[in-house]
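Engineer: Chains as they are written, first to last, in my numbering: chain A, 120 to 421; chain B, 6 to 324; chain C, 266 to 637.
You may find that some hints are simply not true.
[Unchecked claim] Below, computed lysine-lysine pairings styled on DSS-like, alpha-carbon distance capped at 27 Å: (1) 395(C) to 330(C); (2) 132(A) to 490(C); (3) 25(B) to 36(B); (4) 250(A) to 182(B); (5) 133(A) to 232(B); (6) 132(A) to 167(B); (7) 276(A) to 232(B); (8) 126(B) to 408(A); (9) 132(A) to 330(C); (10) 276(A) to 395(C); (11) 168(A) to 232(B); (12) 282(C) to 610(C); (13) 182(B) to 337(A); (14) 497(C) to 133(A); (15) 132(B) to 337(A); (16) 126(B) to 273(C); (17) 132(A) to 126(B); (18) 132(A) to 497(C); (19) 182(B) to 307(A).
[What the hints assert, rightly or not] From chain C, some residues computed to sit far from chain B (all C-beta separations above 12 Å): (20) 337; (21) 339; (22) 374; (23) 567.
To be clear, the hints were calculated from the coordinates, so they are not data collected in a lab.
Note that beta-carbon positions come from the ideal geometry of N, C-alpha and C, so glycine has one too.
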Amino acid sequence: MLNNSISGRLRLKKLVIILASVAVLFYVLAPIYWIVVSSFQKEDALNDKPPHFFPTADVFTLDHYSFLFTGEVPEGSTIMIQAQYTMSGTLVYPSIINSLIIALAVTVINIVIGFPTGHIFSRFRFWGDSKLFGVLVATRLLPSISILVPMFILMQKLNLYDTKLGLIGIYSAITIPFTIWILRSYFKNLPIEYEEAARMDGCSYLRSLVKVVLPIAKPGVAAAAIFAFMTAYGEFIFATVLTRTIASRTQTAVLASLASGLSVSHGMVSAASVLAILPPVLIAVIFRKQIIDGLTSKLGAS
Amino acid sequence: MQTALLKEQLKPEQSNYEAKRFRQTTAFAYKMLLPSLLFIVVFIAFPMFYSVSLAFQGFKYGVPTGEFVGLQNFIDIFTKPTVAPGFYNSLGLTMQFTVAAVAAVIVISMGVAFLINENFKGNSLIKVALLLPYAIPGIASAVTWDWIYDANLGVLNGLLVKLGIIESYLTILSNEKFALWAIWFAYVWKMVPYSSFLLSAGLSTIPSSVYEAARMDRSSVARTFFKITLPLILPVLQLALVVQTIFALLLHFGLIFVMTGGGPGDATRTLPWLIYQESFTFTRFGRGSAMAIIMSVIMIAFIYIYLVLLNPERQKAQR
Amino acid sequence: MSYLNLEKITKNFPGCKAVDELDLEVEQGEFIVLLGPSGCGKTTTLRIIAGLEIQSSGKVILDGKDVSDTPPERRDMAMVFQNLALYPHMTVYQNIAFYLQNIHTSKDDIDRRVRQSARRVEIEELLERKPNQLSGGQRQRVALARALVRSPKLFLLDEPLAALDAKLRAGMRSEFKLLHRSLNEQESSMGTFIYVTHDQIEAMTLGTRVAVIYKGKVVQFSPPKELYKTPKNLFVAAFVGSPEMNLIEGSLSGSNGSTNFEFQGMSFKTGTRGVETLQRIGQEAGEVVLGIRPEAVTLGSTTNLDSLPFEILTIEPFGQTNFVRLRSESRVSITCLVNPDLSFKEGEIVGVNFNPDCVHYFNKQTGENVLA
Chain A
120 MLNNSISGRL
130 RLKKLVIILA
140 SVAVLFYVLA
150 PIYWIVVSSF
160 QKEDALNDKP
170 PHFFPTADVF
180 TLDHYSFLFT
190 GEVPEGSTIM
200 IQAQYTMSGT
210 LVYPSIINSL
220 IIALAVTVIN
230 IVIGFPTGHI
240 FSRFRFWGDS
250 KLFGVLVATR
260 LLPSISILVP
270 MFILMQKLNL
280 YDTKLGLIGI
290 YSAITIPFTI
300 WILRSYFKNL
310 PIEYEEAARM
320 DGCSYLRSLV
330 KVVLPIAKPG
340 VAAAAIFAFM
350 TAYGEFIFAT
360 VLTRTIASRT
370 QTAVLASLAS
380 GLSVSHGMVS
390 AASVLAILPP
400 VLIAVIFRKQ
410 IIDGLTSKLG
420 AS
Chain B
6 MQTALLKEQL
16 KPEQSNYEAK
26 RFRQTTAFAY
36 KMLLPSLLFI
46 VVFIAFPMFY
56 SVSLAFQGFK
66 YGVPTGEFVG
76 LQNFIDIFTK
86 PTVAPGFYNS
96 LGLTMQFTVA
106 AVAAVIVISM
116 GVAFLINENF
126 KGNSLIKVAL
136 LLPYAIPGIA
146 SAVTWDWIYD
156 ANLGVLNGLL
166 VKLGIIESYL
176 TILSNEKFAL
186 WAIWFAYVWK
196 MVPYSSFLLS
206 AGLSTIPSSV
216 YEAARMDRSS
226 VARTFFKITL
236 PLILPVLQLA
246 LVVQTIFALL
256 LHFGLIFVMT
266 GGGPGDATRT
276 LPWLIYQESF
286 TFTRFGRGSA
296 MAIIMSVIMI
306 AFIYIYLVLL
316 NPERQKAQR
Chain C
266 MSYLNLEKIT
276 KNFPGCKAVD
286 ELDLEVEQGE
296 FIVLLGPSGC
306 GKTTTLRIIA
316 GLEIQSSGKV
326 ILDGKDVSDT
336 PPERRDMAMV
346 FQNLALYPHM
356 TVYQNIAFYL
366 QNIHTSKDDI
376 DRRVRQSARR
386 VEIEELLERK
396 PNQLSGGQRQ
406 RVALARALVR
416 SPKLFLLDEP
426 LAALDAKLRA
436 GMRSEFKLLH
446 RSLNEQESSM
456 GTFIYVTHDQ
466 IEAMTLGTRV
476 AVIYKGKVVQ
486 FSPPKELYKT
496 PKNLFVAAFV
506 GSPEMNLIEG
516 SLSGSNGSTN
526 FEFQGMSFKT
536 GTRGVETLQR
546 IGQEAGEVVL
556 GIRPEAVTLG
566 STTNLDSLPF
576 EILTIEPFGQ
586 TNFVRLRSES
596 RVSITCLVNP
606 DLSFKEGEIV
616 GVNFNPDCVH
626 YFNKQTGENV
636 LA
């Protein structure tokens with residue numbers, strides 16, 4: 120075949136790479152493409168069979184988005200049944216704020232607590248350190264469903280049911296072990312000389328952490344922070360079960376309830392989905408280097 | 006681990022200074038660890054223990070009775086005629102799903118990993134694109150796929166009709182034959198990027214000169230993959246398998262939650278969903294918790310199998 | 266037609282031309298060394314021969330066949346990589362046997378040939394070990410055995426001794442030589458070697474012919490002795506031979522059939538070689554660079570009128586000889602090898618003599634050896 124010559128081989132390889140790239144791009148982007156396109160289509164256009172694969176001018180609309188942000192059904196819009204635009208659609212906008220607040224808080228807590236903890240695990244030997252670390256990591260193996268019920272009861276007892284604080288607490292507990300894991304491996308690869316020099320210069324442990332380790336450890340901290348943020352933002356099971364009013368509902372929980380509504384406007388749900396996709400995707404694209412580095416440097420950690 | 010060795014060495018001949026330092030370090034460490042431990046204990050350990058204790062309690066009309074019933078819940082799960090068949094069905098579905106999901110994810114990720122390991126112009130674009138299914142919140146991807154699979158208006162149906170593959174729209178999520186596989190496909194879609202990056206990191210540790218030597222040794226593409234690439238990325242592959250198995254057992258829950266609710270009938274009532282139903286819908290907390298414990302045991306068994314299967318030969322040889 | 270022919274091989278990388286219209290002809294059974302400093306293109310050339318790099322232009326012809334476009338595995342060449350590239354997860358046996366398995370040899374044959382190859386490099390006891398359990402020298406031999414187990418048309422070696430310490434290197438050098446000889450004793454198993462190195466000692470001891478490569482071109486291609494005695498240009502003169510050749514800039518001028526080389530206020534009678542050089546240049550006088558090896562420099566007393574006064578800076582004992590550095594008042598530095606029994610002292614002013622028959626004159630602009 121083309122196997123008998125180097126130039127033939129190179130051409131074949133190029134072809135394979137192009138085909139594979141196209142396949143991967145299509146596989147990865149097609150569903151996202153569809154939900155985005157759906158969110159800009161008029162409701163009755165969405166009810167057409169066969170569906171409109173490309174948003175042409177006659178089916179394009181911003182109605183769904185405008186409703187999500189303003190709560191008003193626009194004049195002359197092509198909504199089939201007003202009732203389809205349920206009131207819970209107006210919850211999308213406030214829920215974004217909630218999600219952001221919660222995710223940010225969780226991220227901050229993760230770094231404030233996880234940073235020194237990860238450092239301690241990486242630099243010091245103490246009684247029970249490996250076992251404790253193992254236990255911490257093992258918490259990731261928990262089926263969240265099994266702690267759903269006790270959590271429900273616990274939250275009510277602590278008066279944290281239906282509060283942002285409650286979610287922040289749970290999410291922190293879920294994400295901290297992972298943050299500690301990432302930072303610990305990261306610190307292990309960090310030269311210890313800087314810290315030793317700082318101690319010789321009379322720096323206390325905490326001071327050296329902040330003034331010496333933190334500046335050097337920026338990439339690792341960034342990766343850990345981003346993972347914590349994205350995990351907290353994307354969680355929806357606990358959010359759905361443990362919140363009720365819009366005061367504390369996250370974007371994902373709102374989306375969940377929208378999607379399981381009885382008569383649903385597909386366009387609106389699509390728009391709500393796109394809005395839910397946007398923040399994490401933006402963060403992923405902006406911080407792609409940190410994320411990819413974090414995902415690929417997990418070697419030897421186990 | 007290194008620490009263990011160090012401690013072994015320390016113990017027999019510990020000087021007073023070393024022992025004192027060790028104690029000091031321990032005290033200091035736990036002082037610093039207090040906040041994290043607090044979080045874990047309150048939000049995870051406590052609910053977990055409570056959940057486990059629930060598994061050994063009886064229940065009545067939605068309220069745990071607090072009476073200790075020993076292993077009755079477990080026995081019921083495995084034997085009681087109103088409970089066991091459903092459980093075994095869930096067990097079977099879960100196993101089926103997990104094996105299929107892990108296999109698909111690993112195989113596809115392997116291919117993608119090779120692709121992103123190559124140096125070519127669109128490489129960064131592909132990597133960014135790959136981040137998307139990973140970054141998307143689970144609920145959003147569930148909603149998306151739900152909409153794609155819609156029996157009346159879904160784009161999948163639309164495509165298939167347009168391409169002439171089928172005549173009229175199919176029910177997918179309400180179809181016993183297709184439902185689980187629909188979930189499987191959506192699940193695999195979301196999980197591939199994570200493993201792809203992990204495996205590509207493993208691939209990049211193999212020096213290119215090894216591949217060149219294999220070329221000079223006239224090794225075919227297949228032989229090179231099985232006899233050189235695979236053995237050399239075994240640790241990473243192992244990690245990927247463990248992680249994907251855990252994910253497969255647990256993380257498809259969101260998809261079922263949104264897309265099928267366990268149905269049609271019990272075609273997608275996998276273990277996690279069964280547990281959810283028992284605990285929330287039927288408030289049979291005791292039984293639900295017992296099932297959760299069984300599932301955790303299964304998970305640990307899987308992990309153990311992986312560690313044992315793929316490790317001992319390697320460890321023996323390395324010494 | 267020679268066994269291996271490289272015709273005008275060029276390799277362009279973004280930003281630099283690694284190989285520049287390189288020509289090379291190799292006969293069967295030779296041990297060719299590609300010698301040059303790092304980055305001169307020798308490894309690239311080797312990889313082009315192997316087929317692991319593809320040339321931008323030019324042809325590679327092996328045993329009459331144009332293999333320029335043939336994939337490396339079909340060129341019937343064996344390669345020993347600089348980092349050895351042993352399969353880390355396979356035993357020594359499996360490493361050596363891999364090739365034979367790939368061409369579907371019978372199990373018995375494989376076993377026989379692997380053991381034979383291992384015996385040749387004396388690693389038979391190591392067959393069940395893995396590469397990470399071996400020392401550097403042992404790994405080196407495994408890589409060799411892996412190449413030897415085939416009877417390829419060419420053996421390609423990329424700085425194989427670079428990672429070894431000096432003592433091991435010396436030992437392995439002679440082993441390579443013996444190997445080459447034993448392979449070529451029988452007509453049936455001719456071994457043609459192409460060996461890349463930056464170490465000129467290796468090149469001089471191992472090669473039947475050495476190709477000095479500089480900036481992607483072959484600067485001189487001759488047997489080691491010739492390289493040493495008649496370097497074609499300044500680069501070869503300075504690169505080959507240790508300790509380095511002395512190079513002094515100055516001018517040749519002649520009158521009445523005798524020529525003088527003048528530099529920094531000193532002058533030395535060149536004898537016939539100087540005369541010839543001027544003739545070749547075709548001028549009455551010319552700017553040249555004089556080259557003389559330390560062993561051709563002799564020291565004597567300053568009373569001799571023909572000798573040039575230099576101060577001894579340092580004397581380094583080399584065992585059999587002393588290596589002496591000298592400097593003139595006009596700050597010209599030279600080196601010299603001297604019998605250690607002679608008692609010179611550091612700081613002494615001595616009379617330096619150049620053996621006129623051992624002197625080379627290089628064209629200042631082109632670097633060419635005028636008399637070569």
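Engineer: Each hint: holds or not?
Structural biologist: Here is what the structure says about each hint:
1. 395(C) to 330(C): violated (38 Å)
2. 132(A) to 490(C): violated (47 Å)
3. 25(B) to 36(B): Holds - the C-alpha atoms of residue 36(B) and residue 25(B) are around 17 Å apart, at most 27 Å.
4. 250(A) to 182(B): violated (46 Å)
5. 133(A) to 232(B): Roughly 25 Å separates the two Cα atoms, so the pair holds.
6. 132(A) to 167(B): It is violated: about 33 Å lies between the C-alpha atoms, which goes past 27 Å.
7. 276(A) to 232(B): Outside the cut-off at roughly 58 Å; violated.
8. 126(B) to 408(A): Roughly 17 Å between the alpha carbons, so the hint for residue 126(B) and residue 408(A) holds.
9. 132(A) to 330(C): Roughly 26 Å between the alpha carbons, so the hint for residue 132(A) and residue 330(C) holds.
10. 276(A) to 395(C): violated (61 Å)
11. 168(A) to 232(B): violated (51 Å)
12. 282(C) to 610(C): violated (50 Å)
13. 182(B) to 337(A): violated (50 Å)
14. 497(C) to 133(A): violated (45 Å)
15. 132(B) to 337(A): Roughly 22 Å between the alpha carbons, so the hint for residue 132(B) and residue 337(A) holds.
16. 126(B) to 273(C): It is violated: about 31 Å lies between the C-alpha atoms, which goes past 27 Å.
17. 132(A) to 126(B): Holds - the C-alpha atoms of residue 126(B) and residue 132(A) are around 14 Å apart, at most 27 Å.
18. 132(A) to 497(C): violated (45 Å)
19. 182(B) to 307(A): violated (50 Å)
20. 337: violated (5 Å)
21. 339: violated (8 Å)
22. 374: holds (16 Å)
23. 567: holds (58 Å)
Hints 1, 2, 4, 6, 7, 10, 11, 12, 13, 14, 16, 18, 19, 20, 21 from the earlier list are contradicted by this structure; the remaining hints agree with it.
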